[in-house]
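S.K.: Below, each chain spelled out in residue letters.
Number of protein chains: 4
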Amino acid sequence: MKKIAILTSGGDAPGMNAAIRAVVRKAKVEGIEVMGIYYGYEGFMEGNMTLLDVGDVGGIIQRGGTKLYSARCPQFKEAYAQDQGIAKMKEAGVDGLVVIGGDGSYRGAMDLVRKGFPCVGIPATIDNDIPGTQYTIGFDTALNTVIEAVDKIRDTATSHENLFIVEVMGRDAGDLALYASVAAGAGAVIIPEVDFMIEDVIARIKQGEARGKKHNIIIVAEGVMSGTELARQLKENAGITTRVSVLGHMQRGGSPTAQDRVLAGRFGSYAVDVLLAGKSGRAVGIRNHQLVDYDMTEAFKNEHKTDLTLYTLATDLSI
Amino acid sequence: MKKIAILTSGGDAPGMNAAIRAVVRKAKVEGIEVMGIYYGYEGFMEGNMTLLDVGDVGGIIQRGGTKLYSARCPQFKEAYAQDQGIAKMKEAGVDGLVVIGGDGSYRGAMDLVRKGFPCVGIPATIDNDIPGTQYTIGFDTALNTVIEAVDKIRDTATSHENLFIVEVMGRDAGDLALYASVAAGAGAVIIPEVDFMIEDVIARIKQGEARGKKHNIIIVAEGVMSGTELARQLKENAGITTRVSVLGHMQRGGSPTAQDRVLAGRFGSYAVDVLLAGKSGRAVGIRNHQLVDYDMTEAFKNEHKTDLTLYTLATDLSI
Amino acid sequence: MKKIAILTSGGDAPGMNAAIRAVVRKAKVEGIEVMGIYYGYEGFMEGNMTLLDVGDVGGIIQRGGTKLYSARCPQFKEAYAQDQGIAKMKEAGVDGLVVIGGDGSYRGAMDLVRKGFPCVGIPATIDNDIPGTQYTIGFDTALNTVIEAVDKIRDTATSHENLFIVEVMGRDAGDLALYASVAAGAGAVIIPEVDFMIEDVIARIKQGEARGKKHNIIIVAEGVMSGTELARQLKENAGITTRVSVLGHMQRGGSPTAQDRVLAGRFGSYAVDVLLAGKSGRAVGIRNHQLVDYDMTEAFKNEHKTDLTLYTLATDLSI
Amino acid sequence: MKKIAILTSGGDAPGMNAAIRAVVRKAKVEGIEVMGIYYGYEGFMEGNMTLLDVGDVGGIIQRGGTKLYSARCPQFKEAYAQDQGIAKMKEAGVDGLVVIGGDGSYRGAMDLVRKGFPCVGIPATIDNDIPGTQYTIGFDTALNTVIEAVDKIRDTATSHENLFIVEVMGRDAGDLALYASVAAGAGAVIIPEVDFMIEDVIARIKQGEARGKKHNIIIVAEGVMSGTELARQLKENAGITTRVSVLGHMQRGGSPTAQDRVLAGRFGSYAVDVLLAGKSGRAVGIRNHQLVDYDMTEAFKNEHKTDLTLYTLATDLSI
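Protein chains in written order, with the numbering used here: chain V, 23 to 341; chain S, 23 to 341; chain Y, 23 to 341; chain L, 23 to 341.
Hints should not be assumed to be uniformly reliable.
[Claimed, not checked] Taking lysine-lysine pairs in the DSS-like style, the calculated list, with each CA pair at most 27 Å apart, reads:
id, chain 1, residue 1, chain 2, residue 2
1, V, K89, Y, K236
2, V, K110, V, K228
3, Y, K235, L, K89
4, V, K110, V, K99
5, L, K228, S, K50
6, L, K137, L, K25
7, S, K235, L, K89
8, V, K235, S, K50
9, S, K235, L, K24
These aren't lab readings, by the way, just hints derived from the structure by calculation.
Predicted, not measured: the structure shown is a model, and the values here were computed from it.
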């Protein structure tokens, strides 16, 4: 292997740039070249790429987003698009691909793997919901963005003795909401992984009030319901007035935290190792602080498991 | 004057605590005592207050919100409530009041002034919309909170080449939206002070696209319309797809910036000077870097004027 | 056990307050009371403490430092001081103690354990150097403080094409320097755990220059040598001019990151479990994401092991 | 005028990039082109520059440092170097120059002006010490960097009840130290503009202790003496033990605050206006919120005046 390519795909996550940097630099150490593909699979299909040398990835370790851009590419599900992309790569002397993204991005990579083009995946999503790895690039940054926002909201909640609902990202996975509720000291948290009864939330609020708590913050993952809908239910069922804050897209951006940068560095370096070892169709991950690689299909066939001991902890600490 | 009281009223703003601290410390220098009233005019009415010594305001200069809490008190518009409050104050030996808040808070103070109870107002609101002063406590912090959020959103906008609408606070005043659009490099800004035609916004977006701009951010003050409504209009009138982010309540919180802390220090100290000079019914303010005091009624009778040269600047720079 | 006490000891670390909060709230769930001891072992000796109810630990989860203060207490090494403290505790009905601090703090606790007074330790230090746990409270926050400072310094280094030396904390342990070098993309890192030759550092700098790198940042752990000394050696041995920045005490402060708050929540809750299970002389820790408790003496008899795979990674990525 | 050039010179300051962006965009509005000169006057002399179009200054408004780099160029004091630079500019069709930097940078510009080459200066330095303008680009950001660091140090100071000395930048001007002392609530501040007696500082410390203050922070501008020297004097004269923190180079970096970005936008836009109006040898500035332009030589012939009412305020509030 003399030359590999790299692309970012799916929703962007802080730390993607740090991972790109790590791949380029580790490849340099190993004596191979890296082509940076623009716009994800769309760029792969069209051979839209450029050589990335060490200097080209200088000064990006601290930047959110992705220098290589990301894009949806529905037609990449079709064989012709994959074939065309592989042809473009071979033409340019590219023998392997590193894909940085979520499980959707892995599906595209597996299509290439089945056609004999070596691919390795690096998990990056703020949702932390990729099976096979305990952490994904971007989760820690998004989590800190959430708690900084909640800290600000708490200032107002405390001053006015209000009840706030904060809606955070997480369509299928409650990790962000759950960790944030522990870290921000929320009064209650609602996540997809735990069945939820409005009566329980009301009981927690009333209990807090009974012991003198005059302000409160409830965190809800968007996958369960919107903050507005939760507000409606609390009003309708118990006459409780709340204010709603939807954190929105800023959760995807920002300079990556130290943990995300270190993780990106480790993943990027290891992905090059895996490719050079002649493996293909592997995703890199971290389990108990050890780098691992595993069959990429596991990432979209299995289900991500949230650490529910944190749910118990959240409940205990929000007494 | 041997003893004065202080309260915070209306929406909270970062720097209120720094202002409380300044009032207490300046009063100490002048040899007078300060009572801290809890929950705004409600606490005034009920005499709910405590002595604040220098040590009691230690470690709060950097904190958002207000240590004295804030609350609405609709009944304070009635004479009996005002009389009751004045009686409570006199009973406790309190001869004057510093009110930290917005123009609504000044109305309550003027009712007391008319009944012969000396009051001085300190302008604090993130909206920067109090006539008679060029800056209010909390504006600079809110502005920085907004641009930090927009910086994060830009990471995602850039990576995915999307068009984002960011809705910021500002019911009647566009200062926050306007300054933020210059500081964050927005592609367009919509504020209450400038008539707005959806066609112009569309033209700006198209023009940006024409010159190769692939992502864009539009900032809208909530007082004009919601971000969602703007998105609907862009879709309906020109088929433009956008994503909407409503920054919400976090704009009111957070550790105050240096400017807000310095302003709070100056205002707090000067408010004590004004009270001790035997003046009443005065609001403190800053004009061309000079501390001023002026008739409080000016603050709610006049209209706040936004610096519209910034609107021209925003338009020029978002070419 | 009906009543326990808690103290913070040694150097403060961000997240100590979150741990205090967790202990108080978990204890409440378990139906026991918590006394907060002021000034570490000095307060223990003198019985200087107060009852902490759930409301007393509200609004502290996000604050750096320690609400209970910390202090050195050299006389606590003597038996009389320990006996006096135990007597004070028994008098107040306190049956057990949670100590939040570093390995030095554990030594004091073990003296009490040997006299039959149940103690449990929670590891908190920005140095991450307590044997038996992979992470300590405060490390993640300090690490992010360091990389934010280095990001700022890089702005200047890049603009002026300078070589900077950044000295970070770490007397015996290089974790902070090592993780920071990976996360901040430093050109070289010098830590106590890896033998260091000035020639190698010079070679790395020259090599970077040779490939066009015009600015560079070297991170050195204070335990190896001061930044100033390193600058002197580079000047003397190779005529290389550098600028030195010593990050200093700000590394100990700041609002804790999400990871430190979650860790503090888990440790605090688990420490109560351990005490209530009738165990004593145990330190809580985290290994491979699992909470563990182990003999406190291990923490000061063994040596902390830094993850040196990161050193290799740092070297590869700083090519 | 069809084409102008821009350079950054001297110490970098946050907001320089925002100013470059503003110049390029305002020029575009006016229908003229902008060449970006690399490495300050060195690049001017060598004609090292590139065309900057609107897209080239996208995504830099939020970045510290300067995209155009800065460098010392001692030989630019000599006529040949100036002549050579002017020749290079004329060759490239460049008719005017915008210089972003400090008063040292203005001297170089004045040499060009005297030779008939039109120049306009934009004040950018974290020291805020350029006569003729009340604010310079970078000051507000540096000030916030300082108070965030002091906030962190205060966490530790409070927990351990220590006395800290914080040394901040400011060789000739005390603005940064002075504003920071008000904003951070320091116990004393030492600046070049106010004569300083060690006895007074000692008295303030003792007085604080007497009223129960257990921790304290003293801010000293580097221009008066180093933090270490101050520590030595306090030890020697009064046996007072302190800890010293030197904030150092990170004060120059970081993402610019809203105020600095707005100021940069206004200055950049106005500088283009001034050049196009056919003026030369003018510096832009802001006085009482109004943009002004004035003879550049005033900036280095006059002396910057610090607002000493803040010194009185600092003294009052640190009682």
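S.K.: Find the hints from earlier in the document that the structure breaks and name them by number, from lowest to highest.
M.R.: 2 and 8
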